[in-house]
Structures are given as structure tokens and as C-alpha cells.
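Chain residues, written in single-letter form:
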Amino acid sequence: MSAPGGSATGTQGRVYTVGGQDWDEIVAAADQAEDGSREEHLIVNMGPQHPSTHGVLRLILSLDGETVTELRPVIGYLHTGIEKNMEFRTWTQGVTFCTRMDYLSPLFNETAYCLAVEKLLGITDQVPERASVLRVLMMELNRIASHLMAVGTFGMELGATTVFLYGLREREKVLDLFELISGLRMNHAYVRPGGVSQDLPSGALEKLRDFLAVMPRQLDELRKLLDVNPVYLARTREVAHLDLAGCMALGITGPILRSTGLPWDLRKSQPYCGYETYDFDVATRQTCDAYGRYLIRMDEIDQSLRIIEQCVDRLSATRPATDPVMIGNAKIGWPAQLAVGPDGLGNSADHIAHIMSQSMEALIHHFKLVTEGFRVPAGQVYAAVESPRGELGCHAVSDGGTRPYRVHFRDPSFTNLQSVSAMCEGGMVADVIVAVASIDPVMGGVDR
Amino acid sequence: MTGPQDEDKAALAGRERLTEPVVRTGMFGTHTTGDTSGYGGLKVRQQPPVPSERPYGSYFDEVADALGGALESSGTSFGEAVERVVVAADELTFHVRREHLVQVCGKLRDEPALAFELCLGVSGVHYPSDAGSELHAAYHLLSITHNRRLRVEVSAPDADPHIPSVVEVYPTCDWHERETWDFFGIVFDGHPALTRIEMPDDWKGHPQRKDYPLGGIPVEYRGATVPPPDERRSYA
Numbered sequence: 001m002s003a004p005g006g007s008a009t010g011t012q013g014r015v016y017t018v019g020g021q022d023w024d025e026i027v028a029a030a031d032q033a034e035d036g037s038r039e040e041h042l043i044v045n046m047g048p049q050h051p052s053t054h055g056v057l058r059l060i061l062s063l064d065g066e067t068v069t070e071l072r073p074v075i076g077y078l079h080t081g082i083e084k085n086m087e088f089r090t091w092t093q094g095v096t097f098c099t100r101m102d103y104l105s106p107l108f109n110e111t112a113y114c115l116a117v118e119k120l121l122g123i124t125d126q127v128p129e130r131a132s133v134l135r136v137l138m139m140e141l142n143r144i145a146s147h148l149m150a151v152g153t154f155g156m157e158l159g160a161t162t163v164f165l166y167g168l169r170e171r172e173k174v175l176d177l178f179e180l181i182s183g184l185r186m187n188h189a190y191v192r193p194g195g196v197s198q199d200l201p202s203g204a205l206e207k208l209r210d211f212l213a214v215m216p217r218q219l220d221e222l223r224k225l226l227d228v229n230p231v232y233l234a235r236t237r238e239v240a241h242l243d244l245a246g247c248m249a250l251g252i253t254g255p256i257l258r259s260t261g262l263p264w265d266l267r268k269s270q271p272y273c274g275y276e277t278y279d280f281d282v283a284t285r286q287t288c289d290a291y292g293r294y295l296i297r298m299d300e301i302d303q304s305l306r307i308i309e310q311c312v313d314r315l316s317a318t319r320p321a322t323d324p325v326m327i328g329n330a331k332i333g334w335p336a337q338l339a340v341g342p343d344g345l346g347n348s349a350d351h352i353a354h355i356m357s358q359s360m361e362a363l364i365h366h367f368k369l370v371t372e373g374f375r376v377p378a379g380q381v382y383a384a385v386e387s388p389r390g391e392l393g394c395h396a397v398s399d400g401g402t403r404p405y406r407v408h409f410r411d412p413s414f415t416n417l418q419s420v421s422a423m424c425e426g427g428m429v430a431d432v433i434v435a436v437a438s439i440d441p442v443m444g445g446v447d448r
Numbered sequence: 001m002t003g004p005q006d007e008d009k010a011a012l013a014g015r016e017r018l019t020e021p022v023v024r025t026g027m028f029g030t031h032t033t034g035d036t037s038g039y040g041g042l043k044v045r046q047q048p049p050v051p052s053e054r055p056y057g058s059y060f061d062e063v064a065d066a067l068g069g070a071l072e073s074s075g076t077s078f079g080e081a082v083e084r085v086v087v088a089a090d091e092l093t094f095h096v097r098r099e100h101l102v103q104v105c106g107k108l109r110d111e112p113a114l115a116f117e118l119c120l121g122v123s124g125v126h127y128p129s130d131a132g133s134e135l136h137a138a139y140h141l142l143s144i145t146h147n148r149r150l151r152v153e154v155s156a157p158d159a160d161p162h163i164p165s166v167v168e169v170y171p172t173c174d175w176h177e178r179e180t181w182d183f184f185g186i187v188f189d190g191h192p193a194l195t196r197i198e199m200p201d202d203w204k205g206h207p208q209r210k211d212y213p214l215g216g217i218p219v220e221y222r223g224a225t226v227p228p229p230d231e232r233r234s235y236a
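Top line first, the protein sequences correspond to chains E and C.
Heads up: the first sequence at position 316 corresponds to 316 in my numbering, and the numbers run straight through without jumps.
Heads up: the second sequence at position 75 corresponds to 75 in my numbering, and the numbers run straight through without jumps.
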């Protein structure tokens, strides 16, 4: 390779390396090529710092005119060693790590991990009913937030900034609910092995009902901007095609798989957290294209609202006082109850009084469980949930200790991103953006 | 009452147990004088691998029979290809000998009675105490046709970390095998381009192996070097 702006003759013929701002020289040099042939290939490096690559994704495009002849995705720019770190923390602390992987669907990461830990412990059926309803509620809220982000950024990348603003405005409503319920807008660590960290605060059910009342109208507004928008249709219809055989070979799940017409949704086919007791439909399309994936995401938001409504009804029918949100087994359930005190959220005053002045054994128990954690029987399990992007699996291995021996996440973004070459090669360079946006990869999940 | 034969059995089992490698000592993970619990001398030995016996329950027998039949038809016996079958936590695991991995995966995908169309990737695990098969790779398979799951596990010794690639059967394993090579150093023979995927190309070592520390890597930033966390200051 030569210095920027220079040229050299390599094994593949004449190679020009462009650093930017020197296009005239390159064009002039290319025009004077000895063989006079116009069969030049342009290698374009897109990313890793490109606004429309959804984070630090790098694409190396080989172009022949406007046609993409080869596309190579390069990842790893956001690798943070979350799986390695989790091996050095207790099973409960692991939740705070894995919630940060796919930062647009933190509650799915937490739930997949907790379902795996519970399976290893053999306590899957002892998780309280109310905790499972809260998990479903939070996951479906999260699905809405994630899909709104996907649709909003999709619009923005095609030049429709209003769509982005509308999408993020509605997503903000979900984040407000997250803040109310879990205390945090992102990285919640809300779902814990054995249940969830805390029950709904007072007033949350009313807020959820307000949300359910206002959302359908807002979604209609968003759909009016896109559903029959001729520019949007021209950019997304029959673009980024991937059929069922391609999906199976490449391991693609989620909206991309459902856009081929296969109604595969783990919530229906292999239910967890009691999904079999909720009434909802699986959205599919038979178009195999980016437009179909958009329509599926919008339909899934509607179905999530349906599920949330059923969750709210169930939560209204049970009472925090009699229905716990953490497993009754004192060897596993977190000992403290959280409460808001004068200095913010912390251990409840009752619990502190109990362990500090009433029961020496309770203090020892609290100390042991909080510092050392609980032991998990040796073995390995795989638990999967249907995240907004597809099958999110957690392979957890225990050696019988208080820390995970190995936790591996099968993140759908990682696998789905492999399909970008299949979707783009042979197509137009402008459609690369559409293909990546329709996959909806989150680099935090891809690189972990 | 226990007879002399029972005593011998118990003694034999005890002696066998003592030959297993130690996986943990002490109770709280401290190796200094800080542990005053009296459990400092505790030695926890590794459990020997226990294969499951038939009937496996659920759909597991059916899958094992179908795989056995498919392998027989191409001249390999089930016992030859599958080292042991483990059923735990309602999950079926086939421990497959590495030389038969591609053949087993091909049968699992193509046999109509099996039809595991979807592979959910490779997950490496490093067991330094498992002498002779330190490196494991677990493949999670899913059959959409029959709505079934299955795990195929393969192992390789640290001295010869080679496992055949299944990319020709499951193209989705392309990135997954690169990731497992990157993090564990397992060489997937026959992979189209086995390069690092998460770590930089010139990285030394494979970070998720158990002998690789957490932190302790000098961080270089614009010529300056940040010492590893455990060397930054002393509390003497």
C-alpha cells in the first residue's frame, strides 16, 4: 500500500489509496491508466464511525459503479469483555453486567440470564407469579421502546428526520415508565435470579393505563408518515431480500425470519414466564424485504400493547402485600427489601432494624448472601427468550460455586449481522443503509 | 448391616474419588490468613462425568434412536460417534468425538426425523482440570419442524486444540467459530477464514481461557502505558 493519495502497482493491477480531498488527482490518474479499461473497482470503507451504521460497525464495500460486488462487515469495536467479567462476580451481580450488552433491550438480557440461572438452580416453577407478570410487562415495554428506536432510526437514515423525532418521543414515554418502575432508564438490573428487584411503586398502574390509552393514537401518527409514503416504499420494498432458506442457513431469527412468512416466535413455540397464558398474535409478512420487517415491527408494538394491557389487569388483581416478587427460598432470594427513605432508595428501615438489633442469624444470613452469594449446582443449561431482534440465548455453566464458570450469550444481533453481505451483494450502494437498518443490529450486543 | 462386599465398594468409590482433580480449596476463595472459618483445608474434588442411562425421557430417546439409525446407515455406530449422552435440567447433550462432528451435524440437519435446521452458534468452555479434553465447544441446535432443542458438545485437548469446522453444514457458525477461536484458541479446521473477530488482529492470547487473567493487561494510550490494575499502587 502506498501513502494516502498515492498509487502503486500491486498484484491486482493498479491500486489507488485515497485519504480524502484528493479526488481530482485520482480521477485524472485513473483516466490515464495504461490499459484504458474502465473496469476499476472502488473499495469504500464505511465506518466504524458512521452515523447510519448503528454504532461502531465497519463495512468494507467493494463497488463496481453503484453496485456492491462484495461487502465485508468488521466488528469488535465495542467488545467490553462482559462474559469474562461475569465469571468474577456472583450470580446475582451478573445481572448488572449482562444488562449492558444489548443496551436497547436490557430487560431481555436480564431475563434470559435469570431464566438460565433459575434452570440451573431448578427453581423455575418457584418464581412467584407476580414476578413473572412483572417480567413480561417490562419485556413488552422494552420491545416497544426497541422497535420505536429501530423504526425511528430507519426513517432518519433514509432522510426522514420527523420519523426519528416521533419515534424517540414515544420511546421516551416507555423510558419514563422504566424509571418509575425500576429506578433507571437504562441498565436496570431489575430482573434478578428468583424474581425481580422490587414491586411496582404506587401510582405505576395508573401511569401504565395512561400509556396504553395514549399510545395507539401516537403509533397511528407514526404509521401515517411511513406506511404508504411513496419515497419510503421505493426505498424499502423489495430491498435487502433474504428468503427462508437464507435465514435458516445463516441462523437468522426475529423479524427478519418472520418477514419470510414463518411464524416462529419463542413466546408462542417455547413459552417462558407464562407467555402461554397471554392472548396475542405473531406478526408475519411474506415479502422477505425491508418493508415487511418494518410492518412486522409496527404490528409487534400493537401486540405488545395488548400483552401489557393483560399484565396490568393481572397486576391489579394481585396485591404486593400478599404476592411477593422474589422467591420465598431464603437461601436464594435477596434478603433485603428496597424502600425509598429520606436519602433515596435503599434497604428498608424495617429490614435494617431486624438485622441490626433483633436477629444475629438474620445479619449473618444477609452478610453471607450479599457478599458470598448463593451456590449453584454444577452443570450447564441453555435458556432463550424472544428479544426484539430474535432468539437471545444464554448458555450458563456452573462448577458448583458462587460465580458463573462461564456465561455465553447468543446475541441475535451478532448472528443476524452475518446476513448483511447476503442482503447487499449485487444491490445498490444506497441500499446497504436500508439493509443494515432492517437488520437493526445493536453493537453492544454484537460485541459484548 | 453392611456386608464386607459393600464396604469394599464404598472404599473403592472413596479411593476413586480421591484420584479426581481438586477444583476448589477452602470455603471463601481466600488464600491468605484472612479465612478464620476453619474451612481453609477443605478440598472439593471434581465430579466425574456421569453418562445418563436409558430411558432418557421426553423426546430424547426418539432423537437418539433416529441419530443412531442415520449413523448406522452410513457405516458408523452410535457409540463410535457419540462418546456419552447426558440428560440434565431437561436438556439433552450428545458428547460427540471430534472426528465425527461434521458427520453427526450433517445427519442432525438432514434426517427428516431429526431436522435440526437451525444452529444457534458455538459456545466455548475451558476446563483446565479436565485433563486430556480441556477445551469444549457446545453447539446448540434447534429443530423448528419438531420444536426440539439439542446440545452437541465436542472437546479437544489443550495440546492439540483442533475441532473440525461445521460451517459447511451450518453456515451461521462462521462468526461463532471465529469468536470461539478468538476467545479460547480452538482451531476450527476447514473454516473458510479463521481470523480474530472481537479482539484486535495482533492480540496475544485468548482472553476467555481460565489461565488468562481479568485485567492485568498494560493499556497503551498515545505512547503512555497504564500499568495493570493490580500493580498501580500498594497498600503496604
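Note that these hints are calculated values from the structure, not bench results.
Some clues are possibly wrong.
Computed spacing ranges between beta-carbons, pair by pair [as the list claims (entries may be wrong)]:
| no. | chain 1 | residue 1 | chain 2 | residue 2 | range |
| --- | --- | --- | --- | --- | --- |
| 1 | C | Y59 | E | D343 | 51 to 59 Å |
| 2 | C | G57 | E | H41 | 31 to 39 Å |
| 3 | E | G341 | C | P161 | 49 to 57 Å |
| 4 | E | M428 | C | Q47 | 38 to 46 Å |
| 5 | C | S77 | E | M428 | 15 to 23 Å |
| 6 | C | D202 | E | M428 | 33 to 41 Å |
| 7 | E | G328 | C | Q47 | 52 to 60 Å |
| 8 | E | D125 | C | Y59 | 38 to 46 Å |
| 9 | C | D202 | E | S357 | 43 to 51 Å |
| 10 | C | G132 | E | P377 | 33 to 41 Å |
| 11 | E | G341 | C | G57 | 49 to 57 Å |
| 12 | E | D125 | C | E20 | 29 to 37 Å |
| 13 | E | G328 | C | S77 | 26 to 34 Å |
| 14 | E | P271 | C | E62 | 19 to 27 Å |
List of simulated lysine-lysine pairs, PhoX-like, C-alpha gap at most 20 Å [as the list claims (entries may be wrong)]:
| no. | chain 1 | residue 1 | chain 2 | residue 2 |
| --- | --- | --- | --- | --- |
| 15 | E | K224 | E | K268 |
| 16 | C | K43 | E | K84 |
| 17 | E | K84 | C | K210 |
| 18 | E | K268 | E | K207 |
Quick reminder that beta carbons are idealized off the backbone N, C-alpha and C, glycines included.
If any of the earlier hints don't hold here, list their numbers in rising order. 2, 4, 5, 7, 8, 9, 10, 13, 15, 16, 18
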